[in-house]
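2 protein chains.
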Amino acid sequence: MSRNGPWTREALAAGVRAGDRRALARAISLVEDSDPLAGELVRDLYPETGGAYAVGVTGPPGVGKSTLIGSLVRHVRQRELTVGVISIDPSSPFSKGALLGDRIRLSDHFLDPEVFIRSMGTRGHLGGLAESTLQALLVLDAGGKDIVFLETVGAGQSEVEVISIADTVVLVLMPGSGDSIQALKAGIMEIPDVIAINKSDHPAAKTMLNEVRSILSLDRDRSWRPPIVLTEAGRGENVAELWERVEQHRAHLEEGGQLEERRRKNLAAEVFAVASARAKRHLEETVADDPELRRLLDEVQRRQLDPLTAVREIMEKVFRIDAGNGSDPL
Amino acid sequence: MSRNGPWTREALAAGVRAGDRRALARAISLVEDSDPLAGELVRDLYPETGGAYAVGVTGPPGVGKSTLIGSLVRHVRQRELTVGVISIDPSSPFSKGALLGDRIRLSDHFLDPEVFIRSMGTRGHLGGLAESTLQALLVLDAGGKDIVFLETVGAGQSEVEVISIADTVVLVLMPGSGDSIQALKAGIMEIPDVIAINKSDHPAAKTMLNEVRSILSLDRDRSWRPPIVLTEAGRGENVAELWERVEQHRAHLEEGGQLEERRRKNLAAEVFAVASARAKRHLEETVADDPELRRLLDEVQRRQLDPLTAVREIMEKVFRIDAGNGSDPL
Numbered sequence: 086m087s088r089n090g091p092w093t094r095e096a097l098a099a100g101v102r103a104g105d106r107r108a109l110a111r112a113i114s115l116v117e118d119s120d121p122l123a124g125e126l127v128r129d130l131y132p133e134t135g136g137a138y139a140v141g142v143t144g145p146p147g148v149g150k151s152t153l154i155g156s157l158v159r160h161v162r163q164r165e166l167t168v169g170v171i172s173i174d175p176s177s178p179f180s181k182g183a184l185l186g187d188r189i190r191l192s193d194h195f196l197d198p199e200v201f202i203r204s205m206g207t208r209g210h211l212g213g214l215a216e217s218t219l220q221a222l223l224v225l226d227a228g229g230k231d232i233v234f235l236e237t238v239g240a241g242q243s244e245v246e247v248i249s250i251a252d253t254v255v256l257v258l259m260p261g262s263g264d265s266i267q268a269l270k271a272g273i274m275e276i277p278d279v280i281a282i283n284k285s286d287h288p289a290a291k292t293m294l295n296e297v298r299s300i301l302s303l304d305r306d307r308s309w310r311p312p313i314v315l316t317e318a319g320r321g322e323n324v325a326e327l328w329e330r331v332e333q334h335r336a337h338l339e340e341g342g343q344l345e346e347r348r349r350k351n352l353a354a355e356v357f358a359v360a361s362a363r364a365k366r367h368l369e370e371t372v373a374d375d376p377e378l379r380r381l382l383d384e385v386q387r388r389q390l391d392p393l394t395a396v397r398e399i400m401e402k403v404f405r406i407d408a409g410n411g412s413d414p415l
Numbered sequence: 086m087s088r089n090g091p092w093t094r095e096a097l098a099a100g101v102r103a104g105d106r107r108a109l110a111r112a113i114s115l116v117e118d119s120d121p122l123a124g125e126l127v128r129d130l131y132p133e134t135g136g137a138y139a140v141g142v143t144g145p146p147g148v149g150k151s152t153l154i155g156s157l158v159r160h161v162r163q164r165e166l167t168v169g170v171i172s173i174d175p176s177s178p179f180s181k182g183a184l185l186g187d188r189i190r191l192s193d194h195f196l197d198p199e200v201f202i203r204s205m206g207t208r209g210h211l212g213g214l215a216e217s218t219l220q221a222l223l224v225l226d227a228g229g230k231d232i233v234f235l236e237t238v239g240a241g242q243s244e245v246e247v248i249s250i251a252d253t254v255v256l257v258l259m260p261g262s263g264d265s266i267q268a269l270k271a272g273i274m275e276i277p278d279v280i281a282i283n284k285s286d287h288p289a290a291k292t293m294l295n296e297v298r299s300i301l302s303l304d305r306d307r308s309w310r311p312p313i314v315l316t317e318a319g320r321g322e323n324v325a326e327l328w329e330r331v332e333q334h335r336a337h338l339e340e341g342g343q344l345e346e347r348r349r350k351n352l353a354a355e356v357f358a359v360a361s362a363r364a365k366r367h368l369e370e371t372v373a374d375d376p377e378l379r380r381l382l383d384e385v386q387r388r389q390l391d392p393l394t395a396v397r398e399i400m401e402k403v404f405r406i407d408a409g410n411g412s413d414p415l
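The listed protein sequences derive, respectively, from chains A and C. Each residue of the first sequence is one higher than the one before, starting from 86 at the first, in the working numbering. Each residue of the second sequence is one higher than the one before, starting from 86 at the first, in the working numbering.
The following block holds chain A by itself, in its conformation from the complex (with noise of 0.2 Å):
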């Protein structure tokens, strides 16, 4: 038997088209795993891939974000759309096991089998969290799930760049956001599609609202004006209006042509992203296996050689680009 165990690529790529939950699942471990067959496979159902719509869930961790999601899957499921989740979120329930506490309810999805959930480790992806996240979206597209929720904490620059790439994105947060209410009103975090304010119960949920929608009305040039609902997860109270206002998003996006467009914009961003993590890791790799390079840096601890000179001879010794002209002389 091959480490692949009984899966040939071909096998593989018929299983995931036909849905199976095994060869998905085996699909995304070789993802994972950075396994070359999980490249192979990718490029095999690519051209079939776009079916799927990716819809990005994210914000502060403890918000209420896994347990939305929970809520919005049994919604779509209602409606017999087939449903995909992929959790890059350290912190959230689906990441250990999903089948703890109160959550409990979430593992009713993890019985049917027209839905996938799967999450995945932030640590140990060679090509980076964003390569791993593309192709586990693009496998569970090829295998002909409708809607694909993409679940991640809001900070860094890593969650910034598998965000990217939902066609749209909602901002979960709750009454105690202080810091991200803070961050969209000083600019620093982006304006997602639409807004979730969780577990609306809490006597500051409307404050919260009309706090948020008050920054919002600062930026009065988009054709699209992001939403605000106020949600409880756990009771799935005003699930469906999310729902809605995710599909009226959709809808937002094809009428205009917007679609492709933004999927065009998502897509070589994040061949940029895929591309920056792996010559990032091309140059720790270089780096650690060549005394002359780190030597370099010895340099630079003892204060002989400065920091930008030694980036210089490094730039030029692994990626064999003169830094030394043009527009970038340093």
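Everything labelled a hint here was simulated from the structure, so no lab data went into it. Any given hint could be a false lead.
Intra- or inter-copy, both count: the list cannot distinguish identical chains.
As the list claims (entries may be wrong) - Derived DSBU-like pairs (lysine-lysine); straight-line CA-CA distance at most 35 Å: (1) Lys291 to Lys402; (2) Lys350 to Lys402; (3) Lys402 to Lys365; (4) Lys291 to Lys365; (5) Lys270 to Lys402.
The hints should help you fit chain C onto chain A, whose structure is shown.
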């Protein structure tokens, strides 16, 4: 007159060494403009650096980082230490001129010849924010500043890279910083060296103190247990205590020889961050200029070529890296 005005490389280096304000300002402007002269200057000055102690002050927008830095500057100046401040927080009042509203008192420091305050934009740095910040820090270091404060908003990879050069990292929170608390709890936010809970006259400040304390108590393995200080920056309350904690952390690092070790790691990380940022920029420029590479992106968009094959072709062409061998066979 040359584009650098009256400043030759030698005059600028001499001016920086003398701590001349105009020379420092000019040098940091050159850094911000990615002017070749900045690189030469830093190369000249680097052997003389290492004397400044860098204190990173990070946290969500709106918690009062700038006001706290203002109070710390006043405190440190009373002890006859010279000070530099580099603010790379776009929401900082420093970035807005530091002369507005209730921040007027910060302007006192602008008149003190031993205090140099400079805000830097977060965009437009050819070599990335990490590179500019490192260079600005080295300039102030060579200019004889005893303490350099680096103010960054605590979110995103680029800010993490910026703050990682600091010898001591102070995280500033306030009552209402629920998202940061959740991120600390979830292990998503890195544990800083010192925590300040600002706006300590807020009724919820004590509750937050206890929350943070209980989160930190879970991590018993550190040789340094991050102290938590309740401050009220506007009135300067507990600022002396906060500074004492910073000095205790410094003493802790110096005693065990850990300061050198930390700086060694920080500098190496910085070199990688700068090199990665340059590799990314090189990638984007090359693709923008090359019709064949742009065609790859078009094919990805039309689902004719999968994104990872596109990445491989781009890597081969731009970096002459054969991504098709070794540990990364995609």
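Right, here's what the structure says about each hint:
1. Lys291 to Lys402: neither (57 Å within a copy, 54 Å between copies)
2. Lys350 to Lys402: both (32 Å within a copy, 21 Å between copies)
3. Lys402 to Lys365: Intra 14 Å, inter 16 Å, cutoff 35 Å: intra and inter.
4. Lys291 to Lys365: neither (45 Å within a copy, 43 Å between copies)
5. Lys270 to Lys402: neither (44 Å within a copy, 42 Å between copies)
The structure shown violates the earlier hints numbered 1, 4 and 5.
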